[in-house]
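Enquirer: These protein sequences, in sequence, are chains U and G. Reminder that position 61 of the first sequence reads as 61 in this note's numbering, one-by-one numbering, no gaps. Reminder that position 43 of the second sequence reads as 43 in this note's numbering, one-by-one numbering, no gaps.
Everything labelled a hint here was simulated from the structure, so no lab data went into it. This structure is a prediction, so every number in the text was calculated from the model and none was measured. Just so it is clear, CB atoms sit at the ideal spot from N, CA and C, and this is done for glycine as well. Among the clues, some could well be false.
Stated by the list, open to error - Calculated from the model, a selection of chain G residues having no Cβ within reach of chain U, i.e. all distances over 10 Å: (1) 15; (2) 19; (3) 20; (4) 24; (5) 42; (6) 103; (7) 104.
Unchecked claim - SDA-like mimics (lysine to any residue), calculated; alpha carbons at most 20 Å apart, straight line: (8) U:41 <-> G:110; (9) U:41 <-> G:39; (10) G:99 <-> U:89; (11) G:49 <-> G:95; (12) G:61 <-> U:109; (13) U:41 <-> G:26; (14) U:20 <-> U:109; (15) U:41 <-> G:61; (16) G:61 <-> G:71; (17) G:99 <-> U:109; (18) G:99 <-> U:43; (19) U:64 <-> U:53; (20) G:49 <-> U:32; (21) G:99 <-> U:83; (22) G:99 <-> U:103; (23) U:41 <-> G:8; (24) G:99 <-> U:115; (25) U:66 <-> U:103; (26) U:64 <-> U:83.
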Amino acid sequence: GAVVSQHPSWVICKSGTSVKIECRSLDFQATTMFWYRQFPKQSLMLMATSNEGSKATYEQGVEKDKFLINHASLTLSTLTVTSAHPEDSSFYICSARDGLAGETQYFGPGTRLLVL
Amino acid sequence: AQSVTQPDIHITVSEGASLELRCNYSYGATPYLFWYVQSPGQGLQLLLKYFSGDTLVQGIKGFEAEFKRSQSSFNLRKPSVHWSDAAEYFCAVDSNDYKLSFGAGTTVTVRA
Numbered sequence: 001g002a003v004v005s006q007h008p009s010w011v012i013c014k015s016g017t018s019v020k021i022e023c024r025s026l027d028f029q030a031t032t033m034f035w036y037r038q039f040p041k042q043s044l045m046l047m048a049t050s051n052e053g054s055k056a057t058y059e060q061g062v063e064k065d066k067f068l069i070n071h072a073s074l075t076l077s078t079l080t081v082t083s084a085h086p087e088d089s090s091f092y093i094c095s096a097r098d099g100l101a102g103e104t105q106y107f108g109p110g111t112r113l114l115v116l
Numbered sequence: 001a002q003s004v005t006q007p008d009i010h011i012t013v014s015e016g017a018s019l020e021l022r023c024n025y026s027y028g029a030t031p032y033l034f035w036y037v038q039s040p041g042q043g044l045q046l047l048l049k050y051f052s053g054d055t056l057v058q059g060i061k062g063f064e065a066e067f068k069r070s071q072s073s074f075n076l077r078k079p080s081v082h083w084s085d086a087a088e089y090f091c092a093v094d095s096n097d098y099k100l101s102f103g104a105g106t107t108v109t110v111r112a
């Protein structure tokens with residue numbers, strides 16, 4: 001149980017295009033999902049908290065117009081990197097909190113984005 | 001704000017030897033504590049967690065961790081490591097707002 005998937009697992013795009021990353025909780029309902037960014041050899045940085053049916057809450061320094069988050073259902077959250085630039089290249093990881101299981105977050109396998 | 005410190009950036013251990021990864025946190029109350037493992041290019045897998053109760057918690061893959069309130073520590077241990085334990089290990093803290101703060105991570109290398 002408690003499986004979280006991400007799609008795509010990796011993506012290469014041209015500078016200026018937008019990229020959408022999906023995060024799904026496969027066997028539980030996720031009232032809250034989180035989006036993290038991880039640079040090589042570094043820890044995870046929380047970008048935003050996504051609550052089903054409401055606007056995402058962004059961490060300080062994260063541009064909400066650059067990283068659009070939508071949490072349309074209890075099993076799906078999407079992160080759209082708009083007008084991507086090479087500095088947006090990174091490993092993006094989502095996690096989901098099981099509303100019934102409380103405090104534990106379950107992580108997706110991550111999406112590697114390379115912007116050329 | 002809470003912070004998480006993993007003092008060891010890199011640890012090399014022989015296969016079959018014991019392993020201990022250190023984690024210290026800074027927070028006024030007792031937070032929820034987690035250890036996650038990440039293999040290269042992968043997401044994070046939960047090894048174990050501490051919310052309350054018995055301060056020695058058992059996790060998957062033979063790992064255990066001990067919460068010591070007096071030392072604000074939550075060190076991870078494994079009595080005998082396997083080559084497959086080579087990975088990046090992250091300690092994380094949830095200060096009751098469901099947001100996780102991660103330590104910088106410890107890379108574990110297992111030598112034959």
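Enquirer: Run every hint past the structure and note whether it holds.
Expert: Right, here's what the structure says about each hint:
| no. | hint | result |
| --- | --- | --- |
| 1 | 15 | holds, 24 Å |
| 2 | 19 | holds, 20 Å |
| 3 | 20 | holds, 20 Å |
| 4 | 24 | holds, 15 Å |
| 5 | 42 | violated, 6 Å |
| 6 | 103 | violated, 7 Å |
| 7 | 104 | violated, 5 Å |
| 8 | U:41 <-> G:110 | holds, 18 Å |
| 9 | U:41 <-> G:39 | holds, 12 Å |
| 10 | G:99 <-> U:89 | violated, 24 Å |
| 11 | G:49 <-> G:95 | holds, 13 Å |
| 12 | G:61 <-> U:109 | holds, 19 Å |
| 13 | U:41 <-> G:26 | violated, 23 Å |
| 14 | U:20 <-> U:109 | holds, 16 Å |
| 15 | U:41 <-> G:61 | violated, 24 Å |
| 16 | G:61 <-> G:71 | violated, 26 Å |
| 17 | G:99 <-> U:109 | holds, 19 Å |
| 18 | G:99 <-> U:43 | holds, 15 Å |
| 19 | U:64 <-> U:53 | holds, 17 Å |
| 20 | G:49 <-> U:32 | holds, 19 Å |
| 21 | G:99 <-> U:83 | violated, 28 Å |
| 22 | G:99 <-> U:103 | holds, 9 Å |
| 23 | U:41 <-> G:8 | holds, 14 Å |
| 24 | G:99 <-> U:115 | violated, 28 Å |
| 25 | U:66 <-> U:103 | violated, 29 Å |
| 26 | U:64 <-> U:83 | holds, 13 Å |
The structure fails to meet hints 5, 6, 7, 10, 13, 15, 16, 21, 24 and 25 from the earlier list, while all remaining hints are met.
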